[in-house]
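Number of protein chains: 2
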Amino acid sequence: MVVGELVQEKELVIIGGGPGGYTAAIRAAQLGRQVTLIEKDELGGICLNHGCIPSKVYTHAAKEISKLSHLQDIGIGFEQAGPAIQLNTLIAYKNRVTNQLKNGVAALCKANKIEVVKGVATFLSDDRIGVEAGHDFQTFQFKQAIIAAGGTPVAPKGVTPDDERIILSHKIFSLQDVPKHLVVLGGDVIALELAMTFRAFGAEVSILLEKGTDFPFDATITKELKRLCKKKKIVLQTDCEFKVVEATEDAVHVHFTNKLGEDSTILGSHFYTTGDISVNATELGIDRLGIERTAAGRVKINEQLQTNISPIYAIGDLTPGPTLAVKAIKQGKVAAEIITGGKSEVDLSLLPTVVHTIPPISTAGLTEAEAKELGYTVNVSQFPLGSNGYASIVGQKEGFVKIVADEATDLILGVHIIGEGAVELSGMTTIALELVARDEDFTFPHYAHPSVNESILEAVEGLVGRAIHMAPKKDLVRTK
Amino acid sequence: MVVGELVQEKELVIIGGGPGGYTAAIRAAQLGRQVTLIEKDELGGICLNHGCIPSKVYTHAAKEISKLSHLQDIGIGFEQAGPAIQLNTLIAYKNRVTNQLKNGVAALCKANKIEVVKGVATFLSDDRIGVEAGHDFQTFQFKQAIIAAGGTPVAPKGVTPDDERIILSHKIFSLQDVPKHLVVLGGDVIALELAMTFRAFGAEVSILLEKGTDFPFDATITKELKRLCKKKKIVLQTDCEFKVVEATEDAVHVHFTNKLGEDSTILGSHFYTTGDISVNATELGIDRLGIERTAAGRVKINEQLQTNISPIYAIGDLTPGPTLAVKAIKQGKVAAEIITGGKSEVDLSLLPTVVHTIPPISTAGLTEAEAKELGYTVNVSQFPLGSNGYASIVGQKEGFVKIVADEATDLILGVHIIGEGAVELSGMTTIALELVARDEDFTFPHYAHPSVNESILEAVEGLVGRAIHMAPKKDLVRTK
Numbered sequence: 269m270v271v272g273e274l275v276q277e278k279e280l281v282i283i284g285g286g287p288g289g290y291t292a293a294i295r296a297a298q299l300g301r302q303v304t305l306i307e308k309d310e311l312g313g314i315c316l317n318h319g320c321i322p323s324k325v326y327t328h329a330a331k332e333i334s335k336l337s338h339l340q341d342i343g344i345g346f347e348q349a350g351p352a353i354q355l356n357t358l359i360a361y362k363n364r365v366t367n368q369l370k371n372g373v374a375a376l377c378k379a380n381k382i383e384v385v386k387g388v389a390t391f392l393s394d395d396r397i398g399v400e401a402g403h404d405f406q407t408f409q410f411k412q413a414i415i416a417a418g419g420t421p422v423a424p425k426g427v428t429p430d431d432e433r434i435i436l437s438h439k440i441f442s443l444q445d446v447p448k449h450l451v452v453l454g455g456d457v458i459a460l461e462l463a464m465t466f467r468a469f470g471a472e473v474s475i476l477l478e479k480g481t482d483f484p485f486d487a488t489i490t491k492e493l494k495r496l497c498k499k500k501k502i503v504l505q506t507d508c509e510f511k512v513v514e515a516t517e518d519a520v521h522v523h524f525t526n527k528l529g530e531d532s533t534i535l536g537s538h539f540y541t542t543g544d545i546s547v548n549a550t551e552l553g554i555d556r557l558g559i560e561r562t563a564a565g566r567v568k569i570n571e572q573l574q575t576n577i578s579p580i581y582a583i584g585d586l587t588p589g590p591t592l593a594v595k596a597i598k599q600g601k602v603a604a605e606i607i608t609g610g611k612s613e614v615d616l617s618l619l620p621t622v623v624h625t626i627p628p629i630s631t632a633g634l635t636e637a638e639a640k641e642l643g644y645t646v647n648v649s650q651f652p653l654g655s656n657g658y659a660s661i662v663g664q665k666e667g668f669v670k671i672v673a674d675e676a677t678d679l680i681l682g683v684h685i686i687g688e689g690a691v692e693l694s695g696m697t698t699i700a701l702e703l704v705a706r707d708e709d710f711t712f713p714h715y716a717h718p719s720v721n722e723s724i725l726e727a728v729e730g731l732v733g734r735a736i737h738m739a740p741k742k743d744l745v746r747t748k
Numbered sequence: 269m270v271v272g273e274l275v276q277e278k279e280l281v282i283i284g285g286g287p288g289g290y291t292a293a294i295r296a297a298q299l300g301r302q303v304t305l306i307e308k309d310e311l312g313g314i315c316l317n318h319g320c321i322p323s324k325v326y327t328h329a330a331k332e333i334s335k336l337s338h339l340q341d342i343g344i345g346f347e348q349a350g351p352a353i354q355l356n357t358l359i360a361y362k363n364r365v366t367n368q369l370k371n372g373v374a375a376l377c378k379a380n381k382i383e384v385v386k387g388v389a390t391f392l393s394d395d396r397i398g399v400e401a402g403h404d405f406q407t408f409q410f411k412q413a414i415i416a417a418g419g420t421p422v423a424p425k426g427v428t429p430d431d432e433r434i435i436l437s438h439k440i441f442s443l444q445d446v447p448k449h450l451v452v453l454g455g456d457v458i459a460l461e462l463a464m465t466f467r468a469f470g471a472e473v474s475i476l477l478e479k480g481t482d483f484p485f486d487a488t489i490t491k492e493l494k495r496l497c498k499k500k501k502i503v504l505q506t507d508c509e510f511k512v513v514e515a516t517e518d519a520v521h522v523h524f525t526n527k528l529g530e531d532s533t534i535l536g537s538h539f540y541t542t543g544d545i546s547v548n549a550t551e552l553g554i555d556r557l558g559i560e561r562t563a564a565g566r567v568k569i570n571e572q573l574q575t576n577i578s579p580i581y582a583i584g585d586l587t588p589g590p591t592l593a594v595k596a597i598k599q600g601k602v603a604a605e606i607i608t609g610g611k612s613e614v615d616l617s618l619l620p621t622v623v624h625t626i627p628p629i630s631t632a633g634l635t636e637a638e639a640k641e642l643g644y645t646v647n648v649s650q651f652p653l654g655s656n657g658y659a660s661i662v663g664q665k666e667g668f669v670k671i672v673a674d675e676a677t678d679l680i681l682g683v684h685i686i687g688e689g690a691v692e693l694s695g696m697t698t699i700a701l702e703l704v705a706r707d708e709d710f711t712f713p714h715y716a717h718p719s720v721n722e723s724i725l726e727a728v729e730g731l732v733g734r735a736i737h738m739a740p741k742k743d744l745v746r747t748k
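First to last, the protein sequences are chains A and B.
Take the first sequence: its position 382, counting from 1, is numbered 650 in the numbering used here, and each next residue is one higher.
Take the second sequence: its position 461, counting from 1, is numbered 729 in the numbering used here, and each next residue is one higher.
By construction, these hints were calculated from the structure, which means they are not laboratory data.
Any given hint could be a false lead.
Copies of one chain are not kept apart here, so a pair can be met inside one copy or by any two copies together.
Stated by the list, open to error - Mimicking DSBU-like on lysine-lysine, the simulated pairs with C-alpha atoms at most 30 angstroms apart in a straight line are:
| no. | residue 1 | residue 2 |
| --- | --- | --- |
| 1 | K331 | K370 |
| 2 | K411 | K498 |
| 3 | K665 | K331 |
| 4 | K439 | K308 |
| 5 | K527 | K308 |
| 6 | K499 | K439 |
| 7 | K335 | K501 |
| 8 | K378 | K741 |
| 9 | K511 | K308 |
| 10 | K381 | K741 |
| 11 | K499 | K331 |
| 12 | K499 | K511 |
| 13 | K500 | K335 |
Isolated chain A, as found in the complex:
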């Protein structure tokens, strides 16, 4: 590699234009820093172009399809026609949305005077980086750099993706037809969303959960999810040992050992797994530079988001912790604020999990099991959406709100929602938990009537036997 003679001086260089990187770039620009943002592919990264945004277009369509018969129940005039969904139309819509959002990011970069450089970045030293784009090679000297290069999904053993029948991660959004029978390996939240989405689209769906794994929620939510899977005729194979998936011209054969220890095969039309994230670190040359990584290969960072080479920061999927856009976005802001001399911090303890299943899930704070493990004497309460007026009105009566509280202090430790409205309710539960809300902080305010958020109130009131719309458990009622 030949280093160009002209070294351009830059203040802040950010590698990767995904949600972490572009957020860091904009925040740093807002705070007066000159920013150079290097992106090898498309602004918005995996999240905007292939992950979060496309997947939510799909889950949105699935949710709407699952409501059609309700719409006929309430007298809306239409007739179902043809297949549940035309995937090519959905894909065209998805592309319009992602293009609009991507153009929005480009316009924001421009408006914030962020220099966007297309190309593949490689660290040359601890203050220089090279960017290769075809025959062009530029060298930047930087004061600080933020690595926000993300990761790439890798298939587990036994899976050789062909992008047609054996599908890894977001390649599933390229399918032009709804699979006849989709076999899903894994119970991660993306796998779950896709299982329910393609089921709503009309596919048969099987989910394989490997031995020692389960859906990643509070046990009561997981139980409800399993009930819903059964009701939707999604076949769950638990306690499996996955062996291999093989594709033929028109089928996939998924070989595994079932929970009884028997060799089993599911014959499906397509296979999906989310895979693990392998960080995009090698081509960046961070190992050569001596940037430390964890045993799992993630880039080590301190509380200031700095790597062991202090002018170089790292954020997002290539750092330890969950591979969620919400984490990358927050880290992006915080890195920019720290670099520009501000005080700022990331606290991942109250990262909400929002899953666009049907119905959706949102959770914030501790599960019942986690709270017990931490030594709390736990008080739990659960309010069913079947008893909520608004859920009845909109015909979405499945699910519940579960509250995990500390018996000793009345502190709300966790809120776990599965049901209509869960996505937007996540804001309420997260901010209340951040503000260290006790039960009375939830019960004092007014709740719009009718609304699903009244269920959060009732679940909290239920901690002391005071939910209005739950049958009394006399021994529970306490005067306060």
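Once you have looked at the hints, place chain B on chain A.
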């Protein structure tokens, strides 16, 4: 009136089984009190049977109809057929929902061992009440009573309701056909919901706003609403003086003076107005008893919700303040808690307003004008839903989040939302305002990505020029 010889001793008598009354009854029963609930008509009251719940069935249907073309855009397979809505089917659905909820209330009363008495109540003295049901008459002696008898809509001058073409309040939910042209008098939130709902159902709609009145929101929300009305071809006549509405066999003639002072007539097919609430006090005999009322006829109460006759409490629509179920519900709980010896209070200053227009509105706290009037140096910020990823995904890009903050303390004084998700977002804004959130309390937590609630974050970040997805206004950015 002959008082029966047998006087039955009761602990707590509650008059009226609407949301205020039945909530008070259940809460008092939870706290160990024997409760007798007197209802002359149906449990659940106007709200459940004729008001809040039916209206939300209608607004729900309207919202779904307005999304149909979007569903075709995303590839969902159906064809629109026949009229937009079959009102008889919607009415049957509404009746199923209200019956289910009403039966739920009855079951909860039973489970809480609440004695429900059907009949018309009349106070005989300050500790006795008679209940007449046909030929039966019972007399109860009570330790305490809660008046939760609500109110009845009365037509304004010039309006003589006939329940067919000239319609007052909830009688509109009896219409069997969608009006050809609905003329709405007034810009109250119920009138607004109905105007947008029937417009979505296919009716032509005109709204008459009387001189000196406007939609009851922050001015920016009102402006956006007017833009949306225009876009939906809802005709707004502002600064009118309504004179009279007359019905013929197949039309209504609505006579008014327009904003130019000219005599005008709208020829419509139907006329709607919400009317004022007249409290249901006369037949109760509260005037004879000497219970004091305000100049407007509402029952006067102190902070403990007591009337001037201290064992008699009053809650809900017949007390001063807004005629909202959310107020009655809260007062019902608080009255029960106070009567059973607890400490409890009602604070109506943070009553959220939620309106199921298309898109919906939710507001909590002060408007910009109110904050200025109170002497605050106000900092405002507005984030458009057109720049929110999730709003784009679900095809609901209209509207915005507006934040009103105190420049001096960074306290958030008001949150005004018009747009997708506003209903369930009301919980977040109300609880945050109750917890006296400053801007950093909103910006520190994580927000699910993508979700509409990110728009609240961005609107708050915009207070100091730090919204990621808004073009920069450099002079606004502040280091903190």
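Do the hints match the structure? See the list:
Taking the shortest Cα distances, K331 and K370 sit within 30 angstroms of each other both inside one copy (25 angstroms) and across copies (29 angstroms). Neither within a single protomer nor between protomers do K411 and K498 lie at most 30 angstroms apart by alpha-carbon distance, with minima of 56 angstroms and 53 angstroms respectively. In this assembly of identical chains, the alpha carbons of K665 and K331 lie at most 30 angstroms apart whether taken from the same copy (14 angstroms) or from different copies (18 angstroms). For the identical chains of this complex, K439 and K308 are intra-copy neighbours only, at 19 angstroms inside a copy versus 63 angstroms across copies, given an alpha-carbon limit of 30 angstroms.
In this assembly of identical chains, K527 and K308 lie within 30 angstroms of each other by CA distance neither inside one copy nor across copies; the values are 44 angstroms within and 60 angstroms between. In this homomeric assembly, K499 and K439 come within 30 angstroms of each other (Cα to Cα) only inside a single copy, at 28 angstroms, whereas the closest approach across copies is 39 angstroms. Proximity of K335 to K501 under the C-alpha cut-off of 30 angstroms is found in both arrangements, the shortest distances being 17 angstroms within a copy and 28 angstroms between copies. Taking the shortest alpha-carbon separations for K378 and K741, only the inter-copy value of 13 angstroms comes in at or below 30 angstroms, while the best intra-copy value is 61 angstroms.
Taking identical chains as interchangeable, the C-alpha atoms of K511 and K308 are never at most 30 angstroms apart, the minima being 35 angstroms within one chain and 69 angstroms between chains. For the identical chains of this complex, K381 and K741 are inter-copy neighbours only, at 12 angstroms across copies versus 62 angstroms inside a copy, given an alpha-carbon limit of 30 angstroms. Both within a single protomer and between protomers do K499 and K331 lie at most 30 angstroms apart by alpha-carbon distance, with minima of 16 angstroms and 28 angstroms respectively. Taking the shortest alpha-carbon separations for K499 and K511, only the intra-copy value of 28 angstroms comes in at or below 30 angstroms, while the best inter-copy value is 58 angstroms.
Taking CA atoms no more than 30 angstroms apart as the test, K500 paired with K335 passes in both settings, with 14 angstroms inside one copy and 25 angstroms between copies.
The structure does not agree with the numbered hints 2, 5, 9 stated previously, though it agrees with the rest.
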